[in-house]
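**Q** Protein chains in written order, with the working numbering: chain A, 1 to 569; chain P, 1 to 92.
It is worth saying that the hints were derived from the structure and are not from the lab. Don't take every hint at face value.
[Said to hold, decoys possible] Computed cross-link-like contacts, DSS-like style, restricted to lysine-lysine with a CA-CA straight-line distance of at most 27 Å:
no., chain 1, residue 1, chain 2, residue 2
1, A, K247, A, K265
2, P, K24, A, K180
3, A, K265, A, K488
4, A, K516, P, K44
5, A, K149, A, K40
6, A, K66, A, K247
7, A, K44, A, K128
8, P, K76, A, K102
9, A, K128, P, K76
10, A, K44, A, K66
11, P, K76, P, K44
12, A, K324, P, K76
13, P, K44, A, K128
14, P, K24, P, K80
15, A, K40, A, K76
16, P, K80, A, K180
17, A, K447, A, K488
18, P, K45, P, K80
19, A, K180, A, K128
20, A, K102, P, K44
21, A, K516, A, K549
22, P, K76, A, K66
Here is how the chains run, residue by residue.
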Amino acid sequence: MMRILLVGNPNVGKSALFSRITGTHIIASNYPGTTVGFTKGFLKLGEDQVQVIDVPGTYTLEPISKAEEVAVEMLKDGDLVIDVVDATNLERNLNLTLQLLKRQIPVIVALNMWDDTRHRGININVGKLEELLGVPVVPTVGVTGQGIKELVRRFPEASVPETTYSGSDERWARIGDIVKQVQSLSHHHHTWYEHLEDASNDHIGGIFIALLVLSASFWFIRFVGEGIISYIAEPLFEWLWTPLLMKLSLVLDSGGFWHNILIGKLINGQIDYSQSFGLLSTGFYIPLGAVLPYIVSFYLVLGMLEDVGYLPRLAILMDTLMHKLGLHGYAIIPTILGFGCNVPGIMATRILESRRERFIAATLISIGIPCAALQAMIIGLVGQHGGQYVAMVYGSLFVSWLIIGFILNHAVRGFSPEILVEIPPYRLPLLRIIAEKLWLRVHGFIKEALPVVLGTVLVINILYAMGIFNSIANVAAPVLTNLLGLPKETIVALVVGFLRKDVAIGMLAPLALTTKQLVISSTVLAMFFPCAATFVILARELGARDTLKAAGIMIAAALAMGGLQNLIL
Amino acid sequence: MAMYPGEQIPLRQMNIGQTGTVIKILGGRGLMLRLEALDIRPGKKVTKISSTFLRGPVTLRVDNTQVAVGFGMANKIIVKIDQFLPGNFAGR
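The following block holds chain A by itself, in its conformation from the complex (with noise of 0.2 Å):
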């Protein structure tokens, strides 16, 4: 099957491009590096189904970071490619596709960003770039489709032309008089964004502005999160779901084997979801009436940071704070992609140029980052004994962050490198690719975790009747009970935390703790062990023994965080 490539710099609306060309669902952000790995699409061609590839972003052919080295690594096998160049940073975008244009593959330019060059004052002569580049330039806008048409219809005009020059100062000396041909640049006015961007560019003004973005976000993530909880999901579950479950319970006698492992223990006759604790019961609960209503809210808020352009902002704000973590600023942005799910967290850890630096964020990420399934249970039972207790574990897990990082910036051998990012403008994002993006996640979170979630809870019903709880937590008892003060029975808890947290707290719900024992567990839970996906790719991006290093400084962290807690509250 033919492969088109699309390649490009980042922050050149390429995922969007991608996402007209194949009318498919995919993710398209604003900030660089959400595209390692890669997504494909299919284009139907005349007769033919062709694959379109979106390539991650890259500013040249000569790799820096591994998300660039997988873009060179593709090209290899590509049939023809897109260049996406961003027609109001002509320059800097030519230099890739003036190194494009000497490997011996078809190129065909899209001139994207088209509609943004008139309010900068920018006039480009697309005839003449195409002349002097000898291969198709086409305007297009990627967000509205314009131009996607012409440039499919001149796909078959691809070619590799006859490039003359020979090293990069031969290189730049051609861009140069390629942009003096080509472009001419006319005054034009700030508009009201961009003065916005200069704000948030000063630093006390930044400052404000993070503080005023994170507190809405949080805010709303909440609003929004509670809001579907109350209004849908919990009315949803009440007059649907429960009174089938009541038929079925009614029809298994109301105990007995089966009963047990599909409905639970019925609390005073009646199905309690958070405490019963069956395959259809609770199972069916927590992934879907009390985790998905945050997932959506939270990757709904994090679409429009993403698509906003406000995280690399972000970014350069935290830098200070991050290379006292022996990471920098840009290491932020896997973290915050932890906090929807570590998995994702992790994997964006590729963005950073050094092992160090990967190993350092990995391991913050699963110690002090509660992915949005911990979060919205802890939220539901820390919660019902007040906020501040949902403060004290964030508060805790927030310092272990800082003290992790800090000890492993000193405890690491190697350096970290500073941040370079390009800041792209302010944009608004289009409600289409929010609501995509949104669907994906949310897609992927009921496929990745609604089997798990069911595996885990029949599995635990099974080893319950089995007895073997009782034997594991008379081992663990004493440093449960002795240094953390909690009763042996959440040891359960916190073996099933390896497979799912959101279940592991959700167990804690039925053995009566007291708010202490509660915020321990909690912390304790959130802190000690990566769940298993997490875990597997933690191993994949880490390999075994950084993996084992990382585990280790888990587990005593949980210890010596829990034990505090322990003491002083």
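With chain A fixed as given, assemble chain P onto it according to the hints.
**A** Chain P only, in chain A's frame:
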């Protein structure tokens, strides 16, 4: 910190709003390549937009792009000042 047209200083020491031409980059090939990829190379005009306190990153404009570079990096990019901007002397 008085700066005059023609003076050669590290990017870090430029006033906010000041424009200069990159003269050289003090650093290895790795740094050169990373900066070149973002079109920061000898001969380019750059304008300093902001700096962050506590040795944080410096933001600059190259053509239509804003780029943030680490504090240490900003010390290795040597620029020749183009413009004399008296109003900005109090800016740092």
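**Q** Compare the structure with each hint and give your call.
**A** Do the hints match the structure? See the list:
1. A:K247 <-> A:K265: 15 Å, holds
2. P:K24 <-> A:K180: 23 Å, holds
3. A:K265 <-> A:K488: 21 Å, holds
4. A:K516 <-> P:K44: 60 Å, violated
5. A:K149 <-> A:K40: It holds: about 19 Å lies between the C-alpha atoms, which stays within 27 Å.
6. A:K66 <-> A:K247: 55 Å, violated
7. A:K44 <-> A:K128: Roughly 31 Å between the alpha carbons, so the hint for K44 (chain A) and K128 (chain A) is violated.
8. P:K76 <-> A:K102: 32 Å, violated
9. A:K128 <-> P:K76: 38 Å, violated
10. A:K44 <-> A:K66: Answer violated: K44 (chain A) to K66 (chain A) is near 32 Å, above 27 Å.
11. P:K76 <-> P:K44: Measuring from Cα to Cα gives roughly 15 Å; hence the hint holds.
12. A:K324 <-> P:K76: 21 Å, holds
13. P:K44 <-> A:K128: Given that 27 Å is the threshold and the Cα spacing comes to 24 Å, the pair holds.
14. P:K24 <-> P:K80: 10 Å, holds
15. A:K40 <-> A:K76: With Cα atoms ~16 Å apart, K40 (chain A) and K76 (chain A) stay inside 27 Å; holds.
16. P:K80 <-> A:K180: Given that 27 Å is the threshold and the Cα spacing comes to 23 Å, the pair holds.
17. A:K447 <-> A:K488: 34 Å, violated
18. P:K45 <-> P:K80: With a Cα-Cα distance of about 9 Å, the restraint between K45 (chain P) and K80 (chain P) holds, given a limit of 27 Å.
19. A:K180 <-> A:K128: 11 Å, holds
20. A:K102 <-> P:K44: 24 Å, holds
21. A:K516 <-> A:K549: Violated, because 30 Å separates the two Cα atoms, which is more than 27 Å.
22. P:K76 <-> A:K66: 25 Å, holds
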